[in-house]
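Colleague: Chains H and Z, in that order, are what the protein sequence lines are.
Numbering follows our numbering, with no gaps: position 154 of the first sequence is 154.
Each position in the second sequence, counted from 1, maps to that position plus 312 in our numbering.
If you are wondering where the hints come from, they were derived from the structure by calculation, not from laboratory data.
Please note that the accuracy of each hint is not assured.
Pairs of lysine-lysine, DSSO-like flavour, derived with a Cα cap of 27 Å [claimed, not checked]:
id	chain 1	residue 1	chain 2	residue 2
1	H	Lys63	Z	Lys474
2	H	Lys304	Z	Lys520
3	Z	Lys520	H	Lys66
4	H	Lys239	Z	Lys520
What the simulated footprint calls covered on chain Z by chain H, stretch by stretch (three residues with Cβ under 8 Å from a Cβ of chain H suffice, anywhere in the stretch; the number is not a length) [claimed, not checked]:
id	segment
5	482-494
6	554-561
Since the structure is predicted, the reported quantities are computational estimates derived from the model, not experimental observations.
Even glycine gets a Cβ: it sits at the ideal position worked out from N, Cα and C.
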Amino acid sequence: MDRKMLGVILTLIIVFAFFLGLVYVGGNMLGVERLQTGERPLLRFAFVGIGLVAAFLVYAFTKENKAWAVGTREVVYMAIGAALYAVFSYLFNGTVFVVPSVSQVALRPAISIPMFFGYAFGPVVGFFTGAVGNMVGDALTGFGLYPQWSVGNGLIGLIAGIPMLFADKKKSLDTVLIVGAILAAIGTLFFFLFRQVPNTLFYDPANNIFGDQPASLLVGLSIVVGFVLVLIVRFAFGKNIDVAAAVTWGMLGNLVGLGFAAISDIWINGYPPPVAIVGEFLPSAGPNLIFAAILVPILVIAYKGLQRQTGR
Amino acid sequence: MLVTWRYRKRRSLVQSFDPRAWIIFYLCFMGVTISFWDVRILAILFGLSLGIVISSGLAWRETRRAWLFIGGFIIYFSLFTFLTGRGGMEFYTEEHVIRNVQASFTLFGWRPVLHITVERTFYALSMLVRVFSLASMTILIPYSFNPSQYGVTFRGLGLPDKIAYAMDLTMRFVPTYARDFQITMDAQRARGYEIEKLRGGLLAQVRKLAPLIVPVTIQAIAGSEDIIDAMDLRAFGVQPRTWLEELHYHARDRVLIALGVGVFLFSLALSIYGVGSFWIPEALKALPLL
Chain H
1 MDRKMLGVIL TLIIVFAFFL GLVYVGGNML GVERLQTGER PLLRFAFVGI GLVAAFLVYA
61 FTKENKAWAV GTREVVYMAI GAALYAVFSY LFNGTVFVVP SVSQVALRPA ISIPMFFGYA
121 FGPVVGFFTG AVGNMVGDAL TGFGLYPQWS VGNGLIGLIA GIPMLFADKK KSLDTVLIVG
181 AILAAIGTLF FFLFRQVPNT LFYDPANNIF GDQPASLLVG LSIVVGFVLV LIVRFAFGKN
241 IDVAAAVTWG MLGNLVGLGF AAISDIWING YPPPVAIVGE FLPSAGPNLI FAAILVPILV
301 IAYKGLQRQT GR
Chain Z
313 MLVTWRYRKR RSLVQSFDPR AWIIFYLCFM GVTISFWDVR ILAILFGLSL GIVISSGLAW
373 RETRRAWLFI GGFIIYFSLF TFLTGRGGME FYTEEHVIRN VQASFTLFGW RPVLHITVER
433 TFYALSMLVR VFSLASMTIL IPYSFNPSQY GVTFRGLGLP DKIAYAMDLT MRFVPTYARD
493 FQITMDAQRA RGYEIEKLRG GLLAQVRKLA PLIVPVTIQA IAGSEDIIDA MDLRAFGVQP
553 RTWLEELHYH ARDRVLIALG VGVFLFSLAL SIYGVGSFWI PEALKALPLL
C-alpha cells in the first residue's frame with residue numbers, strides 16, 4: 001500500500017473517530033444536549049460511514065486516473081472557467097442585462113460554463129470553475145459570499161466531469177438518468193404539496209416583487225421540462241456520445257449540487273424544508289436543466305470543432 | 313458595461329491588516345455569529361460588524377446596491393418567519409401571545425388570524441440581526457481585498473501553489489473576458505442581434521443566448537494555448553513557486569488572528585454547553601400561552 005493511500009485511509013478513520021468521540025464524550029459522558037444524536041444514532045452514523053466509505057472507494061478505484069491530475073493545462077482551464085463563469089454571472093444575474101424572466105423562470109445562461117468545463121476538462125477543473133466562479137461572480141455583483149452555494153456550484157462541475165474517469169463514456173448513463181428522474185420527481189412532488197411557498201429567487205423590483213411571489217406553475221414544472229429536454233438530447237444524440245454524456249452528467253451535477261446548497265440552508269439559514277426545496281431548489285435547478293439541455297451541447301460541439309482545427 | 317474590481321486602496325482599519333489575517337478573522341467572526349441565537353449576543357456582534365463597516369472608508373454610493381438587495385432579502389425573510397412562525401419551531405415548544413390580530417374579512421368562511429407571539433418576534437429579530445452581521449462583514453470583502461494579492465494570500469493560507477495560482481489567474485482574466493464579451497456583443501449587434509429584445513418562448517430565448525456565450529467561451533479556450541505554452545516554458549509546477557509580492561505578518565496581524573481564533577473557540581465551547589441559545593425576556597413569559 002503506498003503512502004498516499006495510507007494517508008487517505010488514516011484521514012477518513014480520524015474524521016470518523018473524531019465525530020464518534022465528540023458524540024460519545026460530549027453527548028453521553030458529559031450530557032451535552034446539542035451533541036446527543038437523539039433517536040437511531042447507529043443509523044445516523046451508518047450514513048456518515050457509508051458516505052466516507054463511498055468517497056474512499058471512488059478515490060481508491062480512480063486514484064491512478066488522469067482525470068484527477070492537475071498540470072499547467074488544468075490550472076489555466078480552471079482560471080478561464082472560473083473567470084468566464086464569474087463574468088457571465090455578473091452580466092446575466094440582473095445587474096447589467098435584465099434578461100426578462102418567463103413566468104418567474106430567470107434566465108441564467110452562465111450555469112452552462114461549469115457543466116461544460118467539468119465535462120471537457122475533468123472534475124477538478126469543473127469543481128474549481130463552479131466554486132470559485134460563483135464566489136467571484138457574487139463578489140462582483142456585491143451580493144456577498146454564500147459558501148454553501150459556491151460548494152453547490154462546484155459540485156455541478158465536479159459531477160459533470162465524472163465521465164472522464166470512465167474509459168467508455170456510455171457507461172452508467174442510464175443509471176444517471178434514473179437517479180435524475182427520481183430527484184426531479186421528489187422536487188416536483190414538494191411543489192404540489194406546498195403550492196404557497198414563495199419563489200425566493202425571483203426578484204422584480206419594477207413590480208415590487210422581492211422573492212415573495214408563490215412559485216409559478218412553470219417554475220414548479222421547470223425541473224420536469226428540463227429533465228424531458230435532457231432525455232431528448234440523450235437519445236437524439238445517441239451516436240454523439242460526448243453531447244449525450246455532457247448533458248446527462250451535467251443534469252445530475254445540477255440536481256445534486258443545487259440540492260446540496262438548498263438543503264444546507266435548512267440548517268444555515270433556518271429555512272423550513274419546503275422553502276428550501278420549493279423556494280430555492282426548484283427555481284434554480286429547474287431552469288438550469290433547460291440550459292444544460294440547450295447550451296451545453298452547442299458548447300461541446302463548438303469545442304470539438306476547435307479541437308479538430310488545432311489538433312490539441 | 314465594464315467589469316472592474318471594486319477594490320480601491322483606502323486608509324481603513326480593514327486594509328491596515330495582512331489580508332491573510334483578515335480572512336482568518338472573517339471566518340472566525342462567521343463561526344462566532346452562527347454559534348449563537350441569543351439576540352443580546354448577536355446585537356454585540358452586529359455592533360462590531362457595523363463599526364468595522366463604518367471604519368472601512370466605503371462610501372454609501374459604492375455599496376448602495378448591495379445593501380439594498382441584501383437588506384430587502386433579509387428583511388423579507390425575517391418578516392416571512394415572523395408572520396408564519398416557521399423556522400423557529402426547533403427553539404421553542406410553546407408561544408406566549410402578545411396579541412391576536414383578526415382580519416375583518418373571511419375567505420370561504422375562514423377568518424385569517426395573525427398570532428403575534430413573544431417567541432416569533434424574538435426569533436425573527438435574532439435572525440434579522442444575525443444575518444445582517446454576516447452580510448455586513450461579507451460585503452466588505454470585494455471592496456477591501458486587493459485582487460493582485462489573491463494568489464499569494466491563498467498560498468499563505470496553505471492552499472497548494474497550483475490552486476493559489478489558478479485563483480490569481482482568475483482575477484486577471486475577469487476584466488479581459490468582460491472586454492471580450494463587450495466586443496462580441498457589439499459584433500452581434502452589428503448583425504442585428506438585440507439582447508434586450510429576446511423574443512419567443514423559454515426554449516427559444518435560451519437558444520438565442522448562444523451567440524454571446526459560445527464565441528466568448530471558445531475564443532477564451534483557443535487563446536489559452538499561448539498562456540499554457542508560456543507557463544510550461546517557464547517550468548510552471550516543477551518546483552515550489554515564488555511570488556512577486558510577499559506578505560509578512562506583523563504583530564497586529566498575529567493579535568488579530570489570536571483574538572479571532574480565541575473568541576471563536578470560546579464561543580464554540582459556550583454554544584456546546586447551551587450558552588447563547590435562543591432567548592426571550594423572563595418578564596414576557598408571564599403572558600398567556602397560545
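Colleague: Against this structure, judge whether each hint is valid.
Modeller: Verification of the hints:
1. H:Lys63 <-> Z:Lys474: 19 Å, holds
2. H:Lys304 <-> Z:Lys520: This hinted pair holds, its Cα atoms lying about 21 Å apart.
3. Z:Lys520 <-> H:Lys66: 36 Å, violated
4. H:Lys239 <-> Z:Lys520: 25 Å, holds
5. 482-494: holds (count 9)
6. 554-561: violated (count 0)
When held up to the earlier numbered hints, the structure conflicts with 3, 6 and fits the remainder.
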